[in-house]
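Participant: Line by line, the protein sequences give chains A, B, C and D. For the record, in the first sequence the residue sitting at position 51 is 51 according to the working numbering, with numbers rising by one throughout. For the record, in the second sequence the residue sitting at position 209 is 209 according to the working numbering, with numbers rising by one throughout. For the record, in the third sequence the residue sitting at position 173 is 173 according to the working numbering, with numbers rising by one throughout. For the record, in the fourth sequence the residue sitting at position 220 is 220 according to the working numbering, with numbers rising by one throughout.
Derived from the structure by calculation, the hints contain no laboratory data. Do not rely on the hints blindly, as some may be mistaken.
It does not matter which identical chain is used: a pair holds within one copy or between any two.
[Said to hold, decoys possible] Listed next, the in silico DSBU-like pairs over lysine-lysine satisfying Cα-Cα at most 35 Å (straight line):
| hint | residue 1 | residue 2 |
| --- | --- | --- |
| 1 | K89 | K116 |
| 2 | K89 | K70 |
| 3 | K89 | K267 |
| 4 | K70 | K260 |
| 5 | K240 | K204 |
| 6 | K89 | K159 |
| 7 | K260 | K240 |
| 8 | K116 | K161 |
| 9 | K197 | K89 |
| 10 | K70 | K204 |
| 11 | K260 | K204 |
| 12 | K267 | K70 |
| 13 | K161 | K267 |
| 14 | K204 | K159 |
| 15 | K116 | K204 |
Single-letter residue listing:
4 protein chains.
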Amino acid sequence: MALMQVNFFSTSLMRNVTYHIILPNDLPPDMLQGNEHNNREMKTLYLLHGYSGSTLDWMLGSLAQEVAGKYNLAIVMPSGENSFYLDAKGTGRAYGRYVGAEIVEYTRRVFGLSTKREDTLIGGLSMGGFGAIHTGLKYYETFGTIIGLSSALIVNSIKNKEEGFRNEIADYDYYVSVFGDLSNLENNENNPEYLIKQLLEEGKEIPSIYMACGTEDFLIEENREFHNFLTNHNVAVTYKESPGIHNWDFWNAYLEPSIKWALEDNK
Amino acid sequence: MALMQVNFFSTSLMRNVTYHIILPNDLPPDMLQGNEHNNREMKTLYLLHGYSGSTLDWMLGSLAQEVAGKYNLAIVMPSGENSFYLDAKGTGRAYGRYVGAEIVEYTRRVFGLSTKREDTLIGGLSMGGFGAIHTGLKYYETFGTIIGLSSALIVNSIKNKEEGFRNEIADYDYYVSVFGDLSNLENNENNPEYLIKQLLEEGKEIPSIYMACGTEDFLIEENREFHNFLTNHNVAVTYKESPGIHNWDFWNAYLEPSIKWALEDNK
Amino acid sequence: MALMQVNFFSTSLMRNVTYHIILPNDLPPDMLQGNEHNNREMKTLYLLHGYSGSTLDWMLGSLAQEVAGKYNLAIVMPSGENSFYLDAKGTGRAYGRYVGAEIVEYTRRVFGLSTKREDTLIGGLSMGGFGAIHTGLKYYETFGTIIGLSSALIVNSIKNKEEGFRNEIADYDYYVSVFGDLSNLENNENNPEYLIKQLLEEGKEIPSIYMACGTEDFLIEENREFHNFLTNHNVAVTYKESPGIHNWDFWNAYLEPSIKWALEDNK
Amino acid sequence: MALMQVNFFSTSLMRNVTYHIILPNDLPPDMLQGNEHNNREMKTLYLLHGYSGSTLDWMLGSLAQEVAGKYNLAIVMPSGENSFYLDAKGTGRAYGRYVGAEIVEYTRRVFGLSTKREDTLIGGLSMGGFGAIHTGLKYYETFGTIIGLSSALIVNSIKNKEEGFRNEIADYDYYVSVFGDLSNLENNENNPEYLIKQLLEEGKEIPSIYMACGTEDFLIEENREFHNFLTNHNVAVTYKESPGIHNWDFWNAYLEPSIKWALEDNK
Numbered sequence: 001m002a003l004m005q006v007n008f009f010s011t012s013l014m015r016n017v018t019y020h021i022i023l024p025n026d027l028p029p030d031m032l033q034g035n036e037h038n039n040r041e042m043k044t045l046y047l048l049h050g051y052s053g054s055t056l057d058w059m060l061g062s063l064a065q066e067v068a069g070k071y072n073l074a075i076v077m078p079s080g081e082n083s084f085y086l087d088a089k090g091t092g093r094a095y096g097r098y099v100g101a102e103i104v105e106y107t108r109r110v111f112g113l114s115t116k117r118e119d120t121l122i123g124g125l126s127m128g129g130f131g132a133i134h135t136g137l138k139y140y141e142t143f144g145t146i147i148g149l150s151s152a153l154i155v156n157s158i159k160n161k162e163e164g165f166r167n168e169i170a171d172y173d174y175y176v177s178v179f180g181d182l183s184n185l186e187n188n189e190n191n192p193e194y195l196i197k198q199l200l201e202e203g204k205e206i207p208s209i210y211m212a213c214g215t216e217d218f219l220i221e222e223n224r225e226f227h228n229f230l231t232n233h234n235v236a237v238t239y240k241e242s243p244g245i246h247n248w249d250f251w252n253a254y255l256e257p258s259i260k261w262a263l264e265d266n267k
Numbered sequence: 001m002a003l004m005q006v007n008f009f010s011t012s013l014m015r016n017v018t019y020h021i022i023l024p025n026d027l028p029p030d031m032l033q034g035n036e037h038n039n040r041e042m043k044t045l046y047l048l049h050g051y052s053g054s055t056l057d058w059m060l061g062s063l064a065q066e067v068a069g070k071y072n073l074a075i076v077m078p079s080g081e082n083s084f085y086l087d088a089k090g091t092g093r094a095y096g097r098y099v100g101a102e103i104v105e106y107t108r109r110v111f112g113l114s115t116k117r118e119d120t121l122i123g124g125l126s127m128g129g130f131g132a133i134h135t136g137l138k139y140y141e142t143f144g145t146i147i148g149l150s151s152a153l154i155v156n157s158i159k160n161k162e163e164g165f166r167n168e169i170a171d172y173d174y175y176v177s178v179f180g181d182l183s184n185l186e187n188n189e190n191n192p193e194y195l196i197k198q199l200l201e202e203g204k205e206i207p208s209i210y211m212a213c214g215t216e217d218f219l220i221e222e223n224r225e226f227h228n229f230l231t232n233h234n235v236a237v238t239y240k241e242s243p244g245i246h247n248w249d250f251w252n253a254y255l256e257p258s259i260k261w262a263l264e265d266n267k
Numbered sequence: 001m002a003l004m005q006v007n008f009f010s011t012s013l014m015r016n017v018t019y020h021i022i023l024p025n026d027l028p029p030d031m032l033q034g035n036e037h038n039n040r041e042m043k044t045l046y047l048l049h050g051y052s053g054s055t056l057d058w059m060l061g062s063l064a065q066e067v068a069g070k071y072n073l074a075i076v077m078p079s080g081e082n083s084f085y086l087d088a089k090g091t092g093r094a095y096g097r098y099v100g101a102e103i104v105e106y107t108r109r110v111f112g113l114s115t116k117r118e119d120t121l122i123g124g125l126s127m128g129g130f131g132a133i134h135t136g137l138k139y140y141e142t143f144g145t146i147i148g149l150s151s152a153l154i155v156n157s158i159k160n161k162e163e164g165f166r167n168e169i170a171d172y173d174y175y176v177s178v179f180g181d182l183s184n185l186e187n188n189e190n191n192p193e194y195l196i197k198q199l200l201e202e203g204k205e206i207p208s209i210y211m212a213c214g215t216e217d218f219l220i221e222e223n224r225e226f227h228n229f230l231t232n233h234n235v236a237v238t239y240k241e242s243p244g245i246h247n248w249d250f251w252n253a254y255l256e257p258s259i260k261w262a263l264e265d266n267k
Numbered sequence: 001m002a003l004m005q006v007n008f009f010s011t012s013l014m015r016n017v018t019y020h021i022i023l024p025n026d027l028p029p030d031m032l033q034g035n036e037h038n039n040r041e042m043k044t045l046y047l048l049h050g051y052s053g054s055t056l057d058w059m060l061g062s063l064a065q066e067v068a069g070k071y072n073l074a075i076v077m078p079s080g081e082n083s084f085y086l087d088a089k090g091t092g093r094a095y096g097r098y099v100g101a102e103i104v105e106y107t108r109r110v111f112g113l114s115t116k117r118e119d120t121l122i123g124g125l126s127m128g129g130f131g132a133i134h135t136g137l138k139y140y141e142t143f144g145t146i147i148g149l150s151s152a153l154i155v156n157s158i159k160n161k162e163e164g165f166r167n168e169i170a171d172y173d174y175y176v177s178v179f180g181d182l183s184n185l186e187n188n189e190n191n192p193e194y195l196i197k198q199l200l201e202e203g204k205e206i207p208s209i210y211m212a213c214g215t216e217d218f219l220i221e222e223n224r225e226f227h228n229f230l231t232n233h234n235v236a237v238t239y240k241e242s243p244g245i246h247n248w249d250f251w252n253a254y255l256e257p258s259i260k261w262a263l264e265d266n267k
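One chain only, chain A, in its complex shape (with noise of 0.2 Å):
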């Protein structure tokens, strides 16, 4: 198993920024017999952090290594600041494109990672499960799975908010530089029930969904109104509630879970 702090000019960012990667290609043979998930090219899973967070906080607060092994997975830590994994105005802010395609071109072609979109999952708590599923649905040909935990699925709670808003996160001018007009953001590319409805228009295939939310998160009336939304659009979604809040106990619990429904269950 190697550990790799990569620090990279990303042409999205206009900057040298660094990710970690989590490569389960030196796995010692007796760890590799008798692992179905050893013989196939490396999957990948682009895995975001929250709010306030960084490329560390997975490594740090996960035992992401651990599923590493045992699915034979490559983890990609990007760190998405605290954009959203969204593209902002002006150069060097396309937070979604560095995730949704650039380090995944970067990585793929560095570690020679499997280019196949049922291989390719992007997965992420909070923020980053905000960011995993736009990500996933604005770069859906790229990933076969999405897995949201705790998603901070805020675009309703911020739409058409009006200068001198803040809530316990953040003010205004933040949410208007990470999200663009605040007024322009329902029927907006940074909306994912905006994308679901495109993709469904055009007859894409979606990303297979897995989502989770503790029933006592801050958060759980978002994820429950995102799920409401993708049954009454008739678009396929795992969805797991259970008693938990938005904590390191809560998505400890789902992340191997999730990885198992895509890598066995959902296959």
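Once you have looked at the hints, place chains B, C and D on chain A.
Facilitator: Relative to chain A, chains B, C and D alone:
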């Protein structure tokens, strides 16, 4: 000589960020003997990278470690992303406060660095030269010395630009997101000239300033202009020009001389 | 919560080495309120990896960061390479001194950690469990608590082995290079039982000891034997067994309970 | 230009170890135009640090990144700890195999580097110069070029030394643990002169050799001696001397010229 990579939660940026620090705290005794810089509390240089750079730049591009050892100088290398080390609008975008206040307070507290103004230097190259000058002036009570190499003193080139503007570096939206309203830039805290005028009016002590720029650098006129502004306002400045362009050859030629000037000649 | 990767010159190892430290020095105020562990100087756990491991192991394999935050506990993770944390013969091979003295002195000085014995813990898994027990006993004035998980208490299995010996882990030359003359191991400072007998003879205060081992672990007999040795010598020890093998599932099950025991129950 | 810090399991060392690699795989197009070194598979330099150094040394002490970019050359910087890059006795101490075979195979496989002998260079300073010469000769089928700067060619100074010996660097036990039986060092694979004689006898192709040493270096006689040995045996060598001692000023003066020689002049 210790090199540390530190990931911590910044309240200015509202997320976990990484900086590096070179700490000459464990020099072998024979390197300390006869080194006049050793008999004092640890002085510190906050050293800023340029546009598109990262916290790794000075370590990889220069011989900063050698300078740290020779002058018994802690060197802190934060990332300013592409922010020009300014406080932008919106939660978590206070890069100026991050570099000028938070990281100073944090590193002094955690590493026991000298808290004296005369022991606290800020320097940088290109965008980081702008950052050193701007942040050094804004936090004039913290920093005793400013070192600006090939500084991107671009306020006069971008002020009053309008939508649709773009130059080789970035577009209008980027400049607005970083500098704020461009039509209001002149008499604004983001303008180093404005800060100088304020400090003079209020009779504050301006940090010692060292500037250097290559005569073939695309920023030479901006540097000459700011140099003239300082001398016209009777602000002391040590100003150097020599043949050179905007590259590491030039910055390496001036890193040690500027430190030597600050710690020895200008005492 | 800060995570630092530190590279510094170790006089014990005569070269630059890297360790990691988790420093809960910047918890947001709301996480500090009502946390009884916050109203005190920073306690520290020196946490040792196993054979074939590295300074990254505890970060990737466990939820050490969570424990650090919950108990306001600095966690220092040095690399012992494959040394069993012993002082081997020859320049630069003093791994015991490195972990038991040098890194303690260094981290206390650089990070201002508590210098009290009762605030200083040493723990580890497998080879690191051996290291925690051995180093904790050898530097009994420094460490108030020892935590050994699935400890590789192998002295009795390798003593008096002769050239040509090898087991599943390593060969004779390795064991000699790490433990020294195997025919002289019993009454030797590298033998934890010998250290215990010495401390008892000299009437020294033995650190509090916590041991845990899985009942299916290949080291269970060695752990039971050492446990018996301690109780036979009237040395206090908290000893736990439960179903489990030599893996992270077991170590994760005991990491927090052992810390809680040390910081709360055993006060 | 990417910089990667890689932690992986080495079978030669039987543990997780860290190396760094500079990979000029993402140069912006305008830096690639007209760069003759760009139109080919990625050549690689394995670059070895000196005694007491680490994988970080060349990054911090030299401008290796600039050279990597200029010559489109991947630079791999392993840690040899204080092993002289030799295979010592005992499990997990095969540093020579680590650097000469395992890391070459690993980096070629993971990063798709050129597998051609003429594209594979090994270089180093001091102990790393010895390592480059020794490992380059032992793995003569892998490396086309050897660069030894201020090489610690100390075999003749330590051979036949007896217990109680020590010099300014280390003691007898250290030298035995690294080089093996000192009374048997002359006609032994750890002796570069012995390897040369063997290669000549067997009619093998010896890699191109570049040596440089400062005339005031404490190792100048050892370098002259090996140079004479090579010329006396009609082995081609490019040998440079100039005023200088055993420090980064000297190594920085020769890093790029030696690369240029290898990639341009000596083609």
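Participant: Each hint: holds or not?
Facilitator: Verification of the supplied hints:
| no. | hint | result |
| --- | --- | --- |
| 1 | K89 to K116 | within (31 Å within a copy, 41 Å between copies) |
| 2 | K89 to K70 | between (40 Å within a copy, 34 Å between copies) |
| 3 | K89 to K267 | neither (38 Å within a copy, 46 Å between copies) |
| 4 | K70 to K260 | both (10 Å within a copy, 30 Å between copies) |
| 5 | K240 to K204 | within (25 Å within a copy, 57 Å between copies) |
| 6 | K89 to K159 | both (18 Å within a copy, 19 Å between copies) |
| 7 | K260 to K240 | both (14 Å within a copy, 32 Å between copies) |
| 8 | K116 to K161 | neither (40 Å within a copy, 46 Å between copies) |
| 9 | K197 to K89 | both (24 Å within a copy, 33 Å between copies) |
| 10 | K70 to K204 | within (32 Å within a copy, 45 Å between copies) |
| 11 | K260 to K204 | within (25 Å within a copy, 53 Å between copies) |
| 12 | K267 to K70 | within (17 Å within a copy, 40 Å between copies) |
| 13 | K161 to K267 | neither (42 Å within a copy, 53 Å between copies) |
| 14 | K204 to K159 | within (27 Å within a copy, 46 Å between copies) |
| 15 | K116 to K204 | within (17 Å within a copy, 45 Å between copies) |
Checked against the numbered hints above, the structure violates hints 3, 8, 13; every other hint is satisfied.
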